[in-house]
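Asks: With the hints as extra help, turn the sequences into a complete structure.
Quick mapping for you: the protein sequence lines, in order, are chains A and B.
Residue numbering for the first sequence is 1 to 393, as defined by the numbering used here.
Residue numbering for the second sequence is 1 to 144, as defined by the numbering used here.
Honestly, I wouldn't trust all of these hints.
Here are a few chain B residues that face chain A, going by a calculated C-beta distance under 7 angstroms [unchecked claim]:
hint: 1; residue: Cys31
hint: 2; residue: Thr33
hint: 3; residue: Tyr34
hint: 4; residue: Phe36
hint: 5; residue: Cys71
hint: 6; residue: Phe78
hint: 7; residue: Val85
hint: 8; residue: Glu95
hint: 9; residue: Met99
hint: 10; residue: Ile100
hint: 11; residue: Val101
hint: 12; residue: Val109
By construction, these hints were calculated from the structure, which means they are not laboratory data.
Please read these numbers as outputs of a predicted model, since none were measured by experiment.
Even for Gly, the Cβ is constructed at its ideal location relative to N, Cα and C.
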Amino acid sequence: MSKDIAILGVGMHPWGKWGRSFIDYGVVAARAALKDAGVDWRAVQFVSGAATIRNGYPGQVAGATFAQALGWQGAQVNTSYAACASGSQALAAARSKILSGECELALVIGADTTPKGFLAPAKGDRPDDPDWVRFRLGITNPTYFALYARRRMALYGDTVEDFAQVKIKNSEHGLENPNARYRKRFTAADVAASPMVANPLRLMDVCATSDGAAAIIVSSLDYARRIGRSDAPRVAAISTVTPTFASGMIEMPDIATDSAVAAQAHSFRAALPAKAYEEAGIAPSEVSLAEVYDLSTALELDWIEDLQLCGRGEAAKLLRAGATRVGGRIPVNASGGLACFGEAVPAQALAQVCELTWQLRGQAGARQVSGAKVGITANQGLFGHGSTVIVKR
Amino acid sequence: MSEKTERPFLEGWFAKGEGSAHLIGARCTKCGTYYFPRQSRFCRNPACDGEQFEEVPLSRRGRLWSYTNACYQPPEPFIAADPYVPFAIAAVELEREQMIVLGPVVQGVDVEALAVGMPMELVIETLSETPTERYLAWKWKPAP
Chain A
1 MSKDIAILGV GMHPWGKWGR SFIDYGVVAA RAALKDAGVD WRAVQFVSGA ATIRNGYPGQ
61 VAGATFAQAL GWQGAQVNTS YAACASGSQA LAAARSKILS GECELALVIG ADTTPKGFLA
121 PAKGDRPDDP DWVRFRLGIT NPTYFALYAR RRMALYGDTV EDFAQVKIKN SEHGLENPNA
181 RYRKRFTAAD VAASPMVANP LRLMDVCATS DGAAAIIVSS LDYARRIGRS DAPRVAAIST
241 VTPTFASGMI EMPDIATDSA VAAQAHSFRA ALPAKAYEEA GIAPSEVSLA EVYDLSTALE
301 LDWIEDLQLC GRGEAAKLLR AGATRVGGRI PVNASGGLAC FGEAVPAQAL AQVCELTWQL
361 RGQAGARQVS GAKVGITANQ GLFGHGSTVI VKR
Chain B
1 MSEKTERPFL EGWFAKGEGS AHLIGARCTK CGTYYFPRQS RFCRNPACDG EQFEEVPLSR
61 RGRLWSYTNA CYQPPEPFIA ADPYVPFAIA AVELEREQMI VLGPVVQGVD VEALAVGMPM
121 ELVIETLSET PTERYLAWKW KPAP
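Replies: Written as structure tokens, this is what we have:
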């Protein structure tokens, strides 16, 4: 039996700092996705929301919050929280419901309203919370991105100019994306002139936090066939695996890795796509495009290698050859990525799937990857959360 | 000024001492896995059901795995001096423990003085001060 589900519709609220409730953004995205799918809201049988932890109780029960805002209609409801992978977990919940036959049509939705500046921990003294400990020491999220970046420079000879090229590429990709927050061309001089945040990363190397919303209407393949949408892009895999002990990479918010004295060290980032490829029965060589979590410019290069789109240490070479831009062999972040969007945590993993859907339908306009058949996403967040989704045509 | 109370920013995470400053870790008596911060209940190695740990000083020296700095003032609970003074941050690989431990780098050593692979040692230094308290923390310092 196929484990695929159909993506009937996608919709987003543009990313930005709009200063409104995350509920407003979510409803805009949901209505756009419903319209795109051509289905009535009242036909949706399952609402799967990705939680936002910065917007009070309504954010913690996002599934129900959106169901009410769209108009209670008796659907089943779920809310998932998995940091940056929240959207993928919400999608996985919908897939399980559909594949088990409990429902045929589901709405998956995530939205966020974010504060300004560094993402900071909750208030109060909590020495037992690793997130408190690291901020007390002055270790912020960009600290980790910068450690990875410096490590690449030492191991593979990547340069800050390479990192700037990721920003330049992504800014060009996002120029005409109506949902992107930053739609401005950046030059190497712009990046070099931006203030240093965490050496070697400058402000233009690090992604912002944004408001935004993304929604997806998914269904069983049978339902898609019945409404004449057999050709809809399909979710072919969702990987939300945890790390495997001993996790060898220093990860937010920890101040130490696992000790690899008694067990082999493993890479969490590489494990996420590996599981997805296996589940989809798709090889890295079959991938047409990738949407990856460029929390920093340098991190995009790590992801390219974790996705096995090139050998370890070879991503900068791929970048320099133009292979990762639209028109190249394997375009990465055709949407513009986090560089153009900024991060809206519960919406971001779904936004990646929205982009793949438009690309696979050939509806991506100026950033269209020609002949796109298979797309893959990758993201990672705090506390062992991360995900990869594969969408195929 | 001299009446400030000096105290570790976290109790029981590290020990002072001239030439013997160290992080206080734990080691599973069954599989040998090291922990920092300390673990006292259950071993997290999925192949081990150990529940007994011995307190161990972690290696005082290691190799610099990577490094960066904090050019902008971190948010609370970080306690910043006024004006804020940027500082470097090191990720140091401990050979015996097979783990990487983060920490600030001592005052006066910025990224220009650091290189991946160089030997580092642990010291205890002031992390931050309030009008009444001086908080101590572990820091990494280039080793001779």
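Asks: If a hint holds in the structure, say so; if it doesn't, say that too.
Replies: Checked hints:
no.: 1; hint: Cys31; in the structure: 4 angstroms, holds
no.: 2; hint: Thr33; in the structure: 5 angstroms, holds
no.: 3; hint: Tyr34; in the structure: 4 angstroms, holds
no.: 4; hint: Phe36; in the structure: 5 angstroms, holds
no.: 5; hint: Cys71; in the structure: 5 angstroms, holds
no.: 6; hint: Phe78; in the structure: 5 angstroms, holds
no.: 7; hint: Val85; in the structure: 11 angstroms, violated
no.: 8; hint: Glu95; in the structure: 10 angstroms, violated
no.: 9; hint: Met99; in the structure: 4 angstroms, holds
no.: 10; hint: Ile100; in the structure: 5 angstroms, holds
no.: 11; hint: Val101; in the structure: 5 angstroms, holds
no.: 12; hint: Val109; in the structure: 13 angstroms, violated
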